[in-house]
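Here is what each chain is made of, one letter per residue.
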Amino acid sequence: MSEAISMNTMTKERYGRRLTSSIAMTVVLVTFSMLFASFFLGFTVFRITSDVWPPMGFERIDLFLPTLSTVIIMMSSFTMWKFDSLFFSEGKEKKIWFFATIFLGFSFMASQVLLWTDLHSKGIYVQDGIFPSIIYSFTWVHAAHVIVAWMALFYLLPTLKVGVMIPSYENRVINVGKFWHFLGIVWLIMYVTLFLI
Amino acid sequence: MAFYEQHIHDAPTTFLSKYIFSYDHKVIGKQFLWYGILFLGIGGIMALMIRWTLAFPGQAFPILGNFLFPATGGVVPADTYAMLFTMHGTIMIFYAITPILIGCFGNYLIPLMIGARDMAFPLLNMLSFHLAALSGVLLLAGLFTPLGAAAGGWTSYPTLSTLIGSPGVGQTLWTLAIFVLGVSSTMGAINYITTIITLRAPGMGYFDMPLSIWGLGLTAVLNAIFLPVLGAGCLLLVFDRVFGTAFFLAGAAATSGTGDPILFQHVFWIFGHPEVYILILPAWGIVSDLLSFFSRKPAFGAKATALSMTTITILSTVVYGHHMYTTQMSPLLTQSFMTLTMTISIPSAIFFANWLGTLWKGSIRFHSPMLFSLGVVFVFGLGGLTGLYLATVTTDLYLHDTYFVVGHFHYTMAASVLLGGFAATYFWMPKMFGTMMNEFWAKVHFWITILGLNGIFMGMMIVGYAGMHRRLYNPFIYEFAQRMIDINTFVTWSAITMGLAQFIFVFNFVHAVFFKKEKASANPWEVGTLEWTIPSPAPHYNFKDIPVVKCGPHEYGNPALTGDVDFQFQTEELAKS
Chain A
956 MSEAISMNTM
966 TKERYGRRLT
976 SSIAMTVVLV
986 TFSMLFASFF
996 LGFTVFRITS
1006 DVWPPMGFER
1016 IDLFLPTLST
1026 VIIMMSSFTM
1036 WKFDSLFFSE
1046 GKEKKIWFFA
1056 TIFLGFSFMA
1066 SQVLLWTDLH
1076 SKGIYVQDGI
1086 FPSIIYSFTW
1096 VHAAHVIVAW
1106 MALFYLLPTL
1116 KVGVMIPSYE
1126 NRVINVGKFW
1136 HFLGIVWLIM
1146 YVTLFLI
Chain B
1259 MAFYEQHIHD
1269 APTTFLSKYI
1279 FSYDHKVIGK
1289 QFLWYGILFL
1299 GIGGIMALMI
1309 RWTLAFPGQA
1319 FPILGNFLFP
1329 ATGGVVPADT
1339 YAMLFTMHGT
1349 IMIFYAITPI
1359 LIGCFGNYLI
1369 PLMIGARDMA
1379 FPLLNMLSFH
1389 LAALSGVLLL
1399 AGLFTPLGAA
1409 AGGWTSYPTL
1419 STLIGSPGVG
1429 QTLWTLAIFV
1439 LGVSSTMGAI
1449 NYITTIITLR
1459 APGMGYFDMP
1469 LSIWGLGLTA
1479 VLNAIFLPVL
1489 GAGCLLLVFD
1499 RVFGTAFFLA
1509 GAAATSGTGD
1519 PILFQHVFWI
1529 FGHPEVYILI
1539 LPAWGIVSDL
1549 LSFFSRKPAF
1559 GAKATALSMT
1569 TITILSTVVY
1579 GHHMYTTQMS
1589 PLLTQSFMTL
1599 TMTISIPSAI
1609 FFANWLGTLW
1619 KGSIRFHSPM
1629 LFSLGVVFVF
1639 GLGGLTGLYL
1649 ATVTTDLYLH
1659 DTYFVVGHFH
1669 YTMAASVLLG
1679 GFAATYFWMP
1689 KMFGTMMNEF
1699 WAKVHFWITI
1709 LGLNGIFMGM
1719 MIVGYAGMHR
1729 RLYNPFIYEF
1739 AQRMIDINTF
1749 VTWSAITMGL
1759 AQFIFVFNFV
1769 HAVFFKKEKA
1779 SANPWEVGTL
1789 EWTIPSPAPH
1799 YNFKDIPVVK
1809 CGPHEYGNPA
1819 LTGDVDFQFQ
1829 TEELAKS
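Protein chains in written order, with our numbering: chain A, 956 to 1152; chain B, 1259 to 1835.
For the record, the hints were derived by calculation from the structure and aren't laboratory data. Values in this document were obtained by computation on a predicted structure and should not be read as measured data. Just so it is clear, CB atoms sit at the ideal spot from N, CA and C, and this is done for glycine as well. Be aware that one or more of the hints could be misleading.
Unchecked claim - Residues from chain B that keep clear of chain A, each with C-beta distances beyond 10 Å, as calculated:
| id | residue |
| --- | --- |
| 1 | ASN1449 |
| 2 | LEU1640 |
| 3 | TYR1723 |
| 4 | VAL1764 |
What the hints assert, rightly or not - Pairwise CB distance ranges, derived in the manner of DEER restraints:
| id | chain 1 | residue 1 | chain 2 | residue 2 | range |
| --- | --- | --- | --- | --- | --- |
| 5 | B | ILE1266 | A | ILE1144 | 32 to 38 Å |
| 6 | B | LEU1565 | A | ILE1102 | 55 to 61 Å |
| 7 | A | LEU984 | B | GLY1331 | 55 to 61 Å |
| 8 | B | LEU1565 | A | LEU1143 | 34 to 40 Å |
| 9 | A | ARG1002 | B | ALA1724 | 41 to 47 Å |
| 10 | A | SER1123 | B | LEU1758 | 24 to 30 Å |
To be verified - With a cut-off of at most 27 Å between alpha-carbon atoms, the simulated DSS-like pairs for lysine-lysine come out as follows:
| id | chain 1 | residue 1 | chain 2 | residue 2 |
| --- | --- | --- | --- | --- |
| 11 | B | LYS1288 | B | LYS1774 |
| 12 | A | LYS967 | B | LYS1808 |
| 13 | A | LYS967 | A | LYS1116 |
| 14 | B | LYS1619 | B | LYS1834 |
| 15 | B | LYS1802 | A | LYS967 |
| 16 | B | LYS1619 | B | LYS1701 |
Generate coordinates for the entire structure from the input sequences, incorporating the hints supplied.
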């Protein structure tokens, strides 16, 4: 978030509410990090105790769709950051970045659905063993979070109005932004660990 | 401190907005209290059924037996026994103790004791209770499914908890219920942590906070960090059960490929050991305050107590492996976990010594909250010491699956937490409901309870030491265990006596809440913390003017005090001669 409004022009209440919101969001992100960290702990156990990976004669997942997802989610992080930084300004530009983020979020979900369809078409189902269990379950849980974050973007629609009361909306913009970037980071870790190495 | 001042909103007027969908932390605290008491009753009846089976194998459970188990003539069936100890453990830990100590007193005390008007996020607070209620419904729904509720133990280890071990819907509902409750508790933790950091009254540094708030705050930190770990385990278990994944299925149990049942134990105890402290830290904090209040002395080494609790909180995150010595863990790991576990004795000993230091030469007032607090000191001492045997690999290998473990963890997690909960309820009753409970009956309740629970849990440790297994429906099929029937009968009669004594509490409580006409004064216990500066019961939005804190929470017996009081409020300048 831009520092367009300096601290000395900020009321004590507004500063306090921003700080409160920031602490709460930090706790939220810690909890979500622990959820995904537990998954990765499980994955690590299976990965390092398995003689070969992928196990049980599975082949590596074709990298095209996961890479596409990675590019999309990284781009969406960028567009979200641009919207975030233009939040204080008026004009069309921030609307463009906002709707680009919405579109990229949707595209990411579409790429995930394509990934699952592709796996199905190759006869790889979730119940086929630990390897597909990991691929499907981890991407499901991540996708569920992306859907929630995508819906949260619509919660920011009022901020596109002309003459928006910035103090009323700034915390939700900051927080949804943080969550969006967080999911990008989680996906990046998943891309590297589950698909690349 | 007090980064901003919360607005005073109009008090709710309709029944729904006042009692059901209330944003007020005090009402939400009371909702959690009623919720916890309800589940305490349900979990208690289940405990009595377990105990009855162990004392009188093959005999019908009195009164309720014929109604609940008509097919066996009132005798608790073997499969139901497994369900009973699973549900008893789950209910007592997650649905009775947690809501009472963390849900009720966390919600009720944090804003009041730090001089705030409400939690930082009242809507989130309300949602956390309603999610907890939903979770309770999910859990109890398992009892009415065709194959009954979950029966894989409160730890729900695979493969007992997978479709092979528990084919019914009950175990799935259990897992979902725990997940939903985890979300609810996380919401609470977000509120507690944020409120404590940002809404403390002006002048209140962290070491000016009452120790109750330290305990509750540290609990919230543990909840925020470790509940998601259990959540991850529960999610994967649900996936195993519903979608056919193989995370916790090994060998032939998995259709192809293989998972790892032991992985669930790791995930469970990474959460599960901190959970012990999640439950007990609020009780420790409350007892640390009450010992000072009723000894009329400053809490001895209050800063050291707070820092010891913090150290224990940190150490609690790296000792989980001591629950898994019997899983053929590497000897290097078991020794590391043993050493780390033993290390917890050091901060524990510091604050235990501080408790004794607080009592030493105090002008002790033996009111009911003090009696219950002293009870905590006693039973926690026993629970802590017996924990050393289980932290040690060599003794744990023998004792692990015996009733010694049951006795030990009931001393620490049940007895001390329950007594702490009673101490808090008797103590803050006037502030919560505006009336005091009857002291005579409170003391009767205390003595029967403390004698009863020592009879139960000491008895359990004795039979456990003698080798009685902890999960068998009928351990007396083994010849060596047959001689233990008498002591099991004693344990069961102790449990029945203690169970009946809880009706004294319930009657006393209900009478004080609904029927007692005599109102309590603003500060009946003569205590200086912030909640006692406002009327009883606490008014809507607590403090009309946010208080300014000028001294610590335990200022007693200062010789420079004038007048006929031996304490001063936190809003008063420290008396100097």
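Each hint, compared with the structure:
Listed as outside the interface, ASN1449(B) is inconsistent with that label: its C-beta sits roughly 8 Å from the nearest C-beta of chain A, within the 10 Å cut-off. Non-interface status of LEU1640(B) relative to chain A is upheld: no Cβ of that chain comes within 10 Å, the nearest being about 33 Å off. With a least beta-carbon separation of about 35 Å from chain A, TYR1723(B) lies farther than 10 Å from that chain, consistent with its non-interface assignment. No beta-carbon of chain A comes within 10 Å of the beta-carbon of VAL1764(B); the shortest separation is about 36 Å.
Range check, ILE1266(B) to ILE1144(A): about 46 Å between beta-carbon atoms, so the 32 to 38 Å window is missed. Judged by the Cβ atoms, the range 55 to 61 Å given for LEU1565(B) and ILE1102(A) is violated: they are separated by roughly 43 Å. Between LEU984(A) and GLY1331(B) the C-beta distance comes to about 56 Å, which sits within the given range of 55 to 61 Å. The hinted range of 34 to 40 Å is satisfied by LEU1565(B) and LEU1143(A), whose Cβ atoms lie roughly 38 Å apart.
Taking 41 to 47 Å as the suggested C-beta distance range, the pair ARG1002(A) and ALA1724(B) conforms, at roughly 45 Å. Remark: the range hint 24 to 30 Å for SER1123(A) to LEU1758(B) is contradicted by a beta-carbon distance near 57 Å. Distance hint between LYS1288(B) and LYS1774(B) is fulfilled; the C-alpha atoms sit about 18 Å from each other, no more than 27 Å. At most 27 Å may separate the alpha-carbon atoms for a hinted pair to count; LYS967(A) and LYS1808(B) meet this at roughly 22 Å.
For the hint linking LYS967(A) to LYS1116(A), the alpha-carbon distance of about 26 Å falls within 27 Å, and the restraint holds. Under the criterion of a C-alpha separation no larger than 27 Å, the hint pairing LYS1619(B) with LYS1834(B) is consistent with the structure, at around 22 Å. With a C-alpha separation of about 19 Å, the suggested pair LYS1802(B) and LYS967(A) falls inside the 27 Å cut-off, and the hint holds. Annotation: proposed proximity of LYS1619(B) to LYS1701(B) holds, straight-line Cα distance about 23 Å (limit 27 Å).
Of the hints listed earlier, those the structure fails to meet are numbers 1, 5, 6, 10, in rising order.
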